[in-house]
Each structure stands twice: as structure tokens, then as C-alpha cells.
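Student: Which chain is which? The protein sequence lines are A and B, in order.
Using the numbering used here, read the first sequence as starting at 6 and increasing by one per residue.
Using the numbering used here, read the second sequence as starting at 37 and increasing by one per residue.
Read the hints as simulated data drawn from the structure, not as lab findings.
Incorrect hints may have been included.
As the list claims (entries may be wrong) - Listed next, the in silico DSS-like pairs over lysine-lysine satisfying Cα-Cα at most 25 Å (straight line):
#1 B:K93 to A:K105
#2 A:K47 to A:K115
#3 A:K20 to A:K115
#4 A:K20 to A:K76
#5 A:K63 to A:K10
#6 A:K10 to B:K89
#7 A:K10 to B:K47
#8 A:K73 to A:K62
#9 B:K47 to A:K47
#10 A:K105 to A:K47
#11 A:K20 to A:K62
#12 B:K106 to A:K105
#13 A:K63 to A:K76
#14 B:K106 to B:K93
#15 A:K115 to A:K73
To be verified - The following residues of chain A were derived to be distant from chain B, with all beta-carbon distances above 10 Å:
#16 I17
#17 L51
#18 P57
#19 E61
#20 A118
Said to hold, decoys possible - Beta-carbon label-pair distances, calculated as ranges:
#21 B:T51 to A:R56: 41 to 47 Å
#22 B:D74 to A:H81: 38 to 44 Å
#23 A:G102 to B:E63: 31 to 37 Å
#24 A:T33 to B:G135: 21 to 27 Å
#25 A:H81 to B:T49: 41 to 47 Å
#26 B:T62 to A:S15: 25 to 31 Å
Note that CB positions come from ideal geometry on N, CA and C, so glycine has one too.
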Amino acid sequence: QQQVKQSPQSLIVQKGGISIINCAYENTAFDYFPWYQQFPGKGPALLIAIRPDVSEKKEGRFTISFNKSAKQFSLHIMDSQPGDSATYFCAASLFSGTYKYIFGTGTRLKVLA
Amino acid sequence: DAGITQSPRHKVTETGTPVTLRCHQTENHRYMYWYRQDPGHGLRLIHYSYGVKDTDKGEVSDGYSVSRSKTEDFLLTLESATSSQTSVYFCAISEWAGGSYGYTFGSGTRLTVV
């Protein structure tokens, strides 16, 4: 119930292509879904986040699509660039005084120049 | 990184020894967290704190203890280090930034238990 399943584990995309990473959850009480980007040797950094009352959120080239009935959400990176090469983590959380995130296992993205 | 400093950045220790990792923040954040990152597991919550001397367990708290005697410092102690605790440890605070709520992580401590 507390798991967040993330796929694929790794992804290779050509420059200019679309990168798609998917996550699925079981706990319908989750109410906040952030995505994090991590470069080697660094801590994860918040990229974009969505709440379940919204089906899509876009920030620049990054879009979260959210399907509440299917309990799935995905990150789309449009016009992928070599600088987007990083590990991406989805997460889900339930507010209980604070947010305690349950993270997916991560997707290592490589964008070829 | 929102004034979060982790120390040490790297440590090698022997099995059975106690180890303390330090997280220091400069912006008076109430909530602080310790996560560990392992391949195939993502990030998993060890302990978190919601104020001075107020802490609670996360999903992988066995073998770890924490203390927060000052707002700015959150310490993670491995009471008797084991090889399974070889990992990268991240401290985080939670805050609103750019219209979104999220964690800001430190740069991590890479711990190797031999």
C-alpha cells in the first residue's frame, strides 16, 4: 500500500526527443506527487509537483500527467537535452503534520547528443 | 541548497563501531529528515524531526537513532555499524519554494562500512 512503482529503470533518448517516466501507487490517500531530479554527487532537487485534483501540470519542458482513477502519474520531458541526463525520482505523500515522501526507485535518463 | 550542510561528506568505518552523521541548517526550518539512498530502493526515510527534541521513526529506522538538541542540527547515529548500512545518506528540510512544497536535500554523506 505504501509503495510507489517507477518505470523504466533506465532510459536512453535522442536529443530533441520525448522522455517519459511512469509511476504507479496504491494508497488512494496520497495527496501530493512531486518529481525530483538528481545529478551525480548531488542531492535530489524538486523539479515539479502535482496534487490529485489536477490532471496535468506543465513547467517549461517538464509536464506531469496524473490519472487518478488509474492511480498513475508520469513525467514527460519534451525536447530532451543532454543536460537533462540525470536520475529522476517520483514520490507520493500523505500530509500528516508534514509530508513524508515515499519515493520510487528512480529512472536513470541519458539523452544522447 | 537552502543552507543545508552535511558532514562528513565521506566516511569509511569498521563494522561494530558507532558513527554519527551531522546535518546543519541555517534557515530555522522546523522539519528535518534523514533518508538513505540505495540502488534499486530509491530514497527511504530513516527518521524525521518536527522540532527540538521531537523526532519520529521512518520506514527503515532499525539500527539508527537521531537527536535534535538545537533547531539547526539534526544528528543521525548508527549505533553499531553493519555492512548493510553502507549507503548514501541525505538530510533534507521541507519548505515552500516557487509555489511548490518539497524537500531540499543536502549534498549527502557516502558511508562505507567495512
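Student: CA of K20 of chain A to CA of K115 of chain A, is that 25 Å or under?
Tutor: holds, 10 Å
Student: Just to be sure I understand the hint, the distance between the Cβ atoms of H81 of chain A and T49 of chain B should be within 41 to 47 Å; is that true here?
Tutor: holds, 42 Å
Student: So is A118 of chain A really clear of chain B, every C-beta pair being over 10 Å apart?
Tutor: A118 of chain A clear of chain B: closest Cβ-Cβ about 26 Å, beyond 10 Å.
Student: Take a quick look at P57 of chain A and tell me if its Cβ sits farther than 10 Å from every Cβ on chain B, holds or violated.
Tutor: holds, 14 Å
Student: Under the criterion that the straight-line Cα-Cα distance not exceed 25 Å, is the pair K73 of chain A, K62 of chain A satisfied?
Tutor: Measuring from Cα to Cα gives roughly 14 Å; hence the hint holds.
Student: Please verify that the nearest CB of chain B lies beyond 10 Å from E61 of chain A's CB.
Tutor: Since the minimum Cβ distance to chain B is about 15 Å, E61 of chain A lies beyond 10 Å and the statement holds.
Student: Is the distance from the Cβ of T51 of chain B to the Cβ of R56 of chain A consistent with 41 to 47 Å?
Tutor: Between T51 of chain B and R56 of chain A, where Cβ atoms are some 44 Å apart, the hint holds.
Student: For K115 of chain A and K73 of chain A, compute the direct alpha-carbon distance and say whether it is at most 25 Å.
Tutor: violated, 29 Å
Student: Does K63 of chain A pair with K76 of chain A here, judged by a C-alpha cut-off of 25 Å?
Tutor: holds, 19 Å
Student: Is the straight-line distance between the alpha-carbon of K105 of chain A and that of K47 of chain A 25 Å or less?
Tutor: holds, 21 Å
Student: Please verify whether K106 of chain B and K93 of chain B have alpha carbons no more than 25 Å apart.
Tutor: holds, 19 Å
Student: Classify the label on I17 of chain A as holds or violated, using whether its beta-carbon is more than 10 Å from each beta-carbon of chain B.
Tutor: Holds, because the least Cβ-Cβ distance between I17 of chain A and chain B comes to about 18 Å, which exceeds 10 Å.
Comparing the model with each numbered hint stated earlier shows that hints 4, 6, 7, 15, 17, 22, 23 and 26 do not hold.
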